[in-house]
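Undergrad: Assemble the whole structure, with the sequences as input and the hints as a guide.
Line by line, the protein sequences give chains A and B.
The numbering used here applies: residue 1 is where the first sequence begins, and numbers increase by one.
The numbering used here applies: residue 392 is where the second sequence begins, and numbers increase by one.
Do not rely on the hints blindly, as some may be mistaken.
[Said to hold, decoys possible] In silico DSS-like cross-links for lysine-lysine, where the CA-CA straight-line distance does not exceed 25 angstroms:
#1 152(A) with 591(B)
#2 246(A) with 123(A)
#3 313(A) with 360(A)
#4 123(A) with 112(A)
#5 152(A) with 123(A)
#6 123(A) with 591(B)
#7 488(B) with 112(A)
Please keep in mind that the hints were generated in silico from the structure rather than gathered at the bench.
Fair warning: this is a prediction, and the values are worked out from it, not measured in the lab.
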Amino acid sequence: MQDVQLEPVLTLETVPEELQVEAKGVSLRDVTKSYGSFTAVQNITLDIAAGSYTCLLGPSGCGKTTTMRMIAGHEDISKGDIYIGETRINDIPATQRNTAMMFQNYALFPHKTVWDNVDFGLKMRGMTQADRQHRVGEMLEVVGLSSFSDRKPAQLSGGQQQRVALARALVTRPQVLMLDEPLSALDESLRVKTRGELRKLQRQFGMTFIQVTHNQDEAYSLSDQIVVMDDGRVDQVGTPAEIFSKPLSRFVARFTGDNNIFPGTVTSAVQDTNGQLIQLDVPSLGTLLCIGDYAQVGTEAACCIRADLMQIKSLTEAETTACGPATNRLTARITAVEFTGYVTRVSLVLERSGVEVLYKARTPDWLTTTFEEGQVVVLDWAAADCVYLPH
Amino acid sequence: MSETWKSLKPYALITPQTLVFLMFLVFPILMIGVVSFWEFNGYSMTPAFTLDNYRGILTDVTFKTYLNTFKFLALTWLATLLIGYPVAYFLAFHVPKLEWQILLFLVCTIPFWTSNIIRMISWVPLLGREGLVNQGLMGVGLIQEPLQFLLFSDFAVVLGMVHLYIIFMIAPIFNSLMRIERSLVTAAEDLGASGLQVFKEVILPLSAPGIAIGSIFIVTLIMGEFVTVRLMGGGQSASVGKLIQTQIGSLQYPLAAANAIVLLAVTMLIIVSILRVLDIRKEL
Chain A
1 MQDVQLEPVL TLETVPEELQ VEAKGVSLRD VTKSYGSFTA VQNITLDIAA
51 GSYTCLLGPS GCGKTTTMRM IAGHEDISKG DIYIGETRIN DIPATQRNTA
101 MMFQNYALFP HKTVWDNVDF GLKMRGMTQA DRQHRVGEML EVVGLSSFSD
151 RKPAQLSGGQ QQRVALARAL VTRPQVLMLD EPLSALDESL RVKTRGELRK
201 LQRQFGMTFI QVTHNQDEAY SLSDQIVVMD DGRVDQVGTP AEIFSKPLSR
251 FVARFTGDNN IFPGTVTSAV QDTNGQLIQL DVPSLGTLLC IGDYAQVGTE
301 AACCIRADLM QIKSLTEAET TACGPATNRL TARITAVEFT GYVTRVSLVL
351 ERSGVEVLYK ARTPDWLTTT FEEGQVVVLD WAAADCVYLP H
Chain B
392 MSETWKSLKP YALITPQTLV FLMFLVFPIL MIGVVSFWEF NGYSMTPAFT
442 LDNYRGILTD VTFKTYLNTF KFLALTWLAT LLIGYPVAYF LAFHVPKLEW
492 QILLFLVCTI PFWTSNIIRM ISWVPLLGRE GLVNQGLMGV GLIQEPLQFL
542 LFSDFAVVLG MVHLYIIFMI APIFNSLMRI ERSLVTAAED LGASGLQVFK
592 EVILPLSAPG IAIGSIFIVT LIMGEFVTVR LMGGGQSASV GKLIQTQIGS
642 LQYPLAAANA IVLLAVTMLI IVSILRVLDI RKEL
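TA: Here's what the structure looks like:
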């Protein structure tokens with residue numbers, strides 16, 4: 001579907017008072033969801049601040065959608081408690097939870113007009129015709145679709161449908177809005193634009209947004225808080241910057257960015273200015289240095305280095321620059337160079353272990369070098385950039 | 392390939408189907424149309440152009456027969472809809488697995504594994520004076536006399552027709568229900584709709600095309616019905632189809648042809664009015 005619509009979603013700078021709500025936080029306490037012997041979500045404890053934008057991030061089947069559906073009331077809770085504000089909502093039906101959901105692929109009613117779609121929630125709540133008229137009109141104005149109110153969803157572009165879905169969810173003034181992969185049905189360029197609009201909308205309404213996504217860029221750009229989930233558990237909770245620069249597990253390091261991960265055994269841990277300087281004995285590679293909060297000597301763990309934080313040097317250059325005391329150095333052979341626009345991705349194989357690693361350079365920087373495929377080079381990286389992964 | 396062949400290819404491809412249509416649909420109807428204007432007496436018919444046949448069928452009897460046929464149609468339509476919709480709904484929304492849905496749908500077609508006539512006759516030991524139902528009801532003391540209306544009555548005709556044709560209502564409704572995205576139901580619930588409201592606002596409107604197609608099947612099948620009317624009505628019940636069949640039996644072909652043309656026109660009118668109310672294009 002083509003989208004020629006270029007005006008921004010928000011045409012009103014301030015949200016009409018009628019559409020404003022008091023945002024509520026969401027708390028999960030030891031929440032479990034199981035289907036027979038299969039456990040989809042396991043003992044999740046999580047706090048989502050009122051008025052924040054939280055992304056549940058993880059691969060498909062990690063339990064993120066199930067978690068959201070439990071908050072929305074479309075899925076029973078097997079064990080544990082969920083609170084919205086101070087209220088425990090386990091036994092409150094979906095319609096009375098003051099939550100709303102925006103569905104993947106939007107789930108717009110194909111037989112109803114844009115107006116009737118947005119009006120639906122108010123009509124079901126038994127609001128008077130006059131009140132509904134006013135609110136729906138205002139809501140459509142907020143999302144810039146007033147002139148499309150008589151159209152059916154099929155007559156709209158993907159971006160417009162997305163806004164109808166958003167308007168339909170927002171018009172009931174939910175205290176918490178849940179979004180299930182809201183951008184996945186849009187094409188790339190529109191996705192980036194809509195991402196910004198979603199964020200703006202959330203700030204203006206001051207509503208609590210909980211979004212499910214499998215795309216880390218989406219989570220980074222939208223969230224106040226990211227909840228990385230894997231295999232029905234919460235792996236890490238943090239701000240986008242924390243998740244990006246300080247992953248706590250191999251899964252998070254692998255899932256959220258281009259990290260090179262080295263599993264090994266802790267051989268020493270000494271207090272340093274930024275935590276502990278940890279020595280990791282990596283099989284067939286030798287000792288790597290990394291920084292972490294705390295490590296017990298003898299534990300099996302790992303460390304990771306972001307692909308863009310390494311330095312690439314020719315063998316002769318490496319000979320002349322001494323390898324500092326808190327620097328890791330490995331030789332590797334370049335196997336492939338991939339140009340992806342601003343970034344150039346270089347695949348290498350470590351000479352000692354045969355493990356594949358990734359190096360990323362700004363394309364302008366890469367073009368000033370003379371490295372080529374097949375060449376043996378040296379990779380240097382500071383221990384301070386190398387993150388200790390306890391799990 | 393030459394340019395000529397390229398431009399002729401589409402026509403070549405539709406030729407077989409067109410021929411079949413012409414031979415088995417258009418030509419017979421044209422013949423009936425032509426014969427309906429012929430003259431006839433008890434022994435022969437002669438090509439002519441007369442409106443006598445049409446005048447001959449514009450009688451009170453024909454009118455009453457049409458009324459009776461409409462009555463069968465209305466009752467059968469209502470019964471097949473009221474029974475068929477819940478069955479289709481159950482299959483589509485309450486049977487969890489696709490394999491089970493297909494299996495149970497096939498179960499609905501079991502009655503079609505035997506011939507119409509046998510199925511109709513099998514009602515006799517059930518509904519007759521000495522039949523299972525009467526005996527049972529008398530046995531438990533609910534009635535003293537056997538119920539007469541059970542067999543060879545309008546009731547029996549409608550019962551037989553519902554039995555015969557209900558699958559034609561179930562199938563298209565099931566099909567349209569299966570196409571409804573389940574997320575629409577969840578979305579409606581999320582927006583505060585009760586079970587009844589979900590049905591009224593979402594499921595019913597989205598399955599309306601299925602109802603329309605089912606209704607068209609029922610209309611075309613019932614309007615021409617004569618076997619069920621004869622077997623289950625026991626000579627008591629009349630329908631246009633049976634009237635035409637009787638006229639053919641007494642070799643009044645032109646009269647039967649005129650009747651058939653009128654029946655065709657009436658049936659088309661009903662279908663057109665259904666299509667005006669409900670849009671079925673999405674289902675096709």
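Undergrad: Which of the numbered hints above does this structure break?
TA: Numbers 2, 7 - these are the hints that the structure violates, sorted from lowest upward.
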